[in-house]
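2 protein chains.
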Amino acid sequence: MKNFQYKNPTKILFGQGQIANLSQEIPEDARILMLYGGGSIKRNGVYDQIINTLKDYTLIEFSGVPANPEYEILMEAVKTIKENQLDYILAVGGGSVIDGAKFISAATHYEGDAWDILAKKAEIKLAVPFSAVLTLPATGSEMNSGAVVSRRATKEKLSFGSPLLFPQCSVLDPTVIQSLPKKQLVNGVTDAFTHVLEQYMTYPAGGLLQDRFAESILQTLIEVGETVVNDPNDYQAASNFMWSCTMALNGLISQGVPSDWGVHAIGHELTALFGIDHARTLAIVAPRYYEHCFETKKEKLAQYAERVWQVTEGNLEQKAQQGILKTEQFFNSLGIETTLSAYTEDYNGSAEIIAERFTQRGWLGLGEHQAITPNDVQQIVKNTYTK
Amino acid sequence: MKNFQYKNPTKILFGQGQIANLSQEIPEDARILMLYGGGSIKRNGVYDQIINTLKDYTLIEFSGVPANPEYEILMEAVKTIKENQLDYILAVGGGSVIDGAKFISAATHYEGDAWDILAKKAEIKLAVPFSAVLTLPATGSEMNSGAVVSRRATKEKLSFGSPLLFPQCSVLDPTVIQSLPKKQLVNGVTDAFTHVLEQYMTYPAGGLLQDRFAESILQTLIEVGETVVNDPNDYQAASNFMWSCTMALNGLISQGVPSDWGVHAIGHELTALFGIDHARTLAIVAPRYYEHCFETKKEKLAQYAERVWQVTEGNLEQKAQQGILKTEQFFNSLGIETTLSAYTEDYNGSAEIIAERFTQRGWLGLGEHQAITPNDVQQIVKNTYTK
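Chains as they are written, first to last, in UniProt numbering: chain F, 1 to 387; chain P, 1 to 387.
These aren't lab readings, by the way, just hints derived from the structure by calculation. Here the structure is a predicted model, which is why all the values come from computation and not from measurement. Any given hint might turn out to be false.
A pair counts as met if it fits within one copy or between any two copies, since identical chains are not told apart.
[Said to hold, decoys possible] Simulated pairs of lysine-lysine, DSS-like, Cα-Cα distance not exceeding 30 Å:
hint, residue 1, residue 2
1, LYS55, LYS2
2, LYS55, LYS7
3, LYS2, LYS42
4, LYS2, LYS182
5, LYS55, LYS382
6, LYS387, LYS183
7, LYS82, LYS382
8, LYS121, LYS382
9, LYS11, LYS326
10, LYS79, LYS155
11, LYS2, LYS183
12, LYS326, LYS382
13, LYS7, LYS121
14, LYS11, LYS121
15, LYS387, LYS82
16, LYS182, LYS120
17, LYS121, LYS182
18, LYS326, LYS125
19, LYS11, LYS125
20, LYS155, LYS182
21, LYS7, LYS125
22, LYS125, LYS183
So that you can see chain F by itself, here it is in the shape it has in the complex:
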């Protein structure tokens, strides 16, 4: 186990009806920017619950945060905060809205060009306190301090983070998933599953407890995934799904062990090129990525097959292959296609384009050993084209 430093100060209010307790968590005199996306929170009752709970606060709404939160729009929100002398942000939405709130929180007091927070990883010294009401379990942003922001003008999508950017409080009410479209539920299960894989599918590093925690989340997502997707009114499945998504990326399982994140790096490019949903790009890339990195990952792949999928037959290599196969079958069972050609006819040549982008950016080594070159990336993407 490697040395680590870990702190996660976010307070979680978990369960049906917890939105009503939000007013106990936000300072009485807070002047709140309420940030959300489209109108779904008005249709599912979340908006009304929040407005009712926070009726005694000064509260200004800022809606229209898009699925990949955009710098230009977020800077408008920063302007709203300054013009109205607001001092608290409440993010109501999924990862995009919460990530957006983190950027607004950091940018409001930033002296200089706020784009540097993303482009130059400028240090955040002061942040506007914020909380979140999660409406779409998937990204884990509700209990971590990182975020991803896009800039349309330059077609960039950049990440940042700071210990000052943990939500003070996040409300996780599992009933919010009842009104989500099936596609978003499928994406949520897949996203959380792949988050865990990125922090687990490396090499045996002596983090015995971390491995088992990771396997616990994977097993729980497998156990409830089908029910969540087909019957989001099942509260037990919904609550375990929601808590699993949060635990998948709140920092706990990555402490003291290596991470990879190569699947995400390649997946982002498929979203950029073809507009494929983030989670689906992960499902396309992951099986081919693990096949390509088989030699360095086979011990963990076999352990995963044994413990998560109860594979008992075969030698280490055969078990490891079963691990990859079971993963792809799981994604397929949720209704996710795992070849690029299922999403676009224009896939030819994308492998070369993506590899070239990695080269240009100087991303010469993905993976836990930084050993995945642009040539490897090209081969991995090519292998996603068809079965």
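Got chain F sorted already, so can you dock chain P onto it with the hints?
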């Protein structure tokens, strides 16, 4: 899954050499009370490392905190803090010293009789900030906000807690266990194992992820227990042991699910009557407690047998019985006797004495259903006498 509210703000510095980073966590102008027990930290190098790291601080030492931290001694430390206008506490030790620091932290600013914090569960409104250097993995006090304090004069042992009593920072350096006597290592594994059982061995409550996290800790303790006890220089085993002890009682696995704590309630009485080590009383009581509560716990006992001990044969009842048997065998394998008669010849009559104490205190319902009566307690203790 039940609703829950969860926050754990303690920062963990984990790994060899992390004591050196302590000065980055304590405010520069802090005036520190350094609290510890006997002289073991002077023999194992921990004391020198701390003094070296904190050489630029005002620091006053207070040693002699005993194994069950005593009210009278802790009030002396409160006096030292006030006389010297100290404003920070550093606890260096195991659960007793850290629990002691929590009481000192709460008592320093308490207006009125500080005993009320324990006897009347008086609310803590202001606490002295404190951090910890853990030297004995077992209790989890390094990452929670609860504590137990004894008062010799009245032979009482009472618990208290407050959200203000999380350590700001805890250093977990696995090499500290190298100098611990085997007996304390055995106790540590047993204590942590039983902490998990108390929060897990109830009835199926839909906390699928919580169950798997609990099973993860149990499996890891089983995986490393023997090595930790026989070769505490094995860093991988030591680090997984240490992190498991912390995760066993930092609040995570109990969120949203019922807890029991009946084994602890009865075990405390065996310590009070016969001076048996806390962990060993748990090992004596747990198997007989689960036998006695078999009907209400058999589903979880069987799940535990299957998942933690890989029991595949038999029906639910048989698997559940195997779960109890495997638990007792595990304690025995660590060198712990699980009958009361192995510790004292004076066991006769103790069941009646303990049951009577429960009656007098009005403790009429232990367990997750508050259904374990003093009569049940009497029977359970009687069953611990001999095999």
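We went through each hint and held it up to the structure:
In this assembly of identical chains, the alpha carbons of LYS55 and LYS2 lie at most 30 Å apart only when taken from different copies (27 Å versus 48 Å within one copy). When the C-alpha separation of LYS55 and LYS7 is checked against a cutoff of 30 Å, the pair qualifies only between copies, where the shortest distance is 26 Å, while the shortest distance within a copy is 33 Å. In the homo-oligomer, the alpha carbons of LYS2 and LYS42 lie at most 30 Å apart only across protomers (26 Å), although the nearest pairing inside one protomer, at 46 Å, exceeds that limit. Taking the shortest Cα distances, LYS2 and LYS182 sit within 30 Å of each other only across copies (25 Å), while inside one copy they are farther apart (40 Å).
For a Cα distance limit of 30 Å, the shortest separation of LYS55 from LYS382 qualifies neither inside one copy, at 55 Å, nor across copies, at 59 Å. For the homomeric pair LYS387 and LYS183, the shortest alpha-carbon distance inside one copy (23 Å) is at most 30 Å, but the shortest distance between copies (58 Å) is not. In this homomeric assembly, LYS82 and LYS382 never come within 30 Å of each other (Cα to Cα): the closest approach is 48 Å inside a single copy and 70 Å across copies. When the C-alpha separation of LYS121 and LYS382 is checked against a cutoff of 30 Å, the pair qualifies neither within a copy, at 32 Å, nor between copies, at 65 Å.
With identical chains, the CA atoms of LYS11 and LYS326 are never at most 30 Å apart, being 35 Å at best within one copy and 37 Å at best between copies. In this homomeric assembly, LYS79 and LYS155 come within 30 Å of each other (Cα to Cα) only inside a single copy, at 23 Å, whereas the closest approach across copies is 63 Å. In the homo-oligomer, the alpha carbons of LYS2 and LYS183 lie at most 30 Å apart only across protomers (27 Å), although the nearest pairing inside one protomer, at 38 Å, exceeds that limit. Taking the shortest Cα distances, LYS326 and LYS382 sit within 30 Å of each other inside one copy (21 Å), while across copies they are farther apart (51 Å).
Within a single copy, LYS7 and LYS121 get their C-alpha atoms as close as 21 Å, and across copies as close as 28 Å, so both meet the 30 Å cut-off. With identical chains, the CA atoms of LYS11 and LYS121 are at most 30 Å apart both within one copy (26 Å) and between copies (23 Å). For the identical chains of this complex, LYS387 and LYS82 are neighbours neither inside a copy (53 Å) nor across copies (73 Å), given an alpha-carbon limit of 30 Å. Proximity of LYS182 and LYS120 under a CA criterion of 30 Å is satisfied in neither setting, with 38 Å inside one chain copy and 52 Å between copies.
In this assembly of identical chains, the alpha carbons of LYS121 and LYS182 never lie at most 30 Å apart, being 36 Å within a copy and 48 Å across copies at closest. For the homomeric pair LYS326 and LYS125, neither the shortest alpha-carbon distance inside one copy (45 Å) nor that between copies (53 Å) is at most 30 Å. With identical chains, the CA atoms of LYS11 and LYS125 are at most 30 Å apart both within one copy (22 Å) and between copies (19 Å). Taking the shortest Cα distances, LYS155 and LYS182 sit within 30 Å of each other inside one copy (29 Å), while across copies they are farther apart (61 Å).
When the C-alpha separation of LYS7 and LYS125 is checked against a cutoff of 30 Å, the pair qualifies both within a copy, at 18 Å, and between copies, at 23 Å. Taking identical chains as interchangeable, the C-alpha atoms of LYS125 and LYS183 are never at most 30 Å apart, the minima being 39 Å within one chain and 48 Å between chains.
In summary, the numbered hints that this structure violates are 5, 7, 8, 9, 15, 16, 17, 18, 22.
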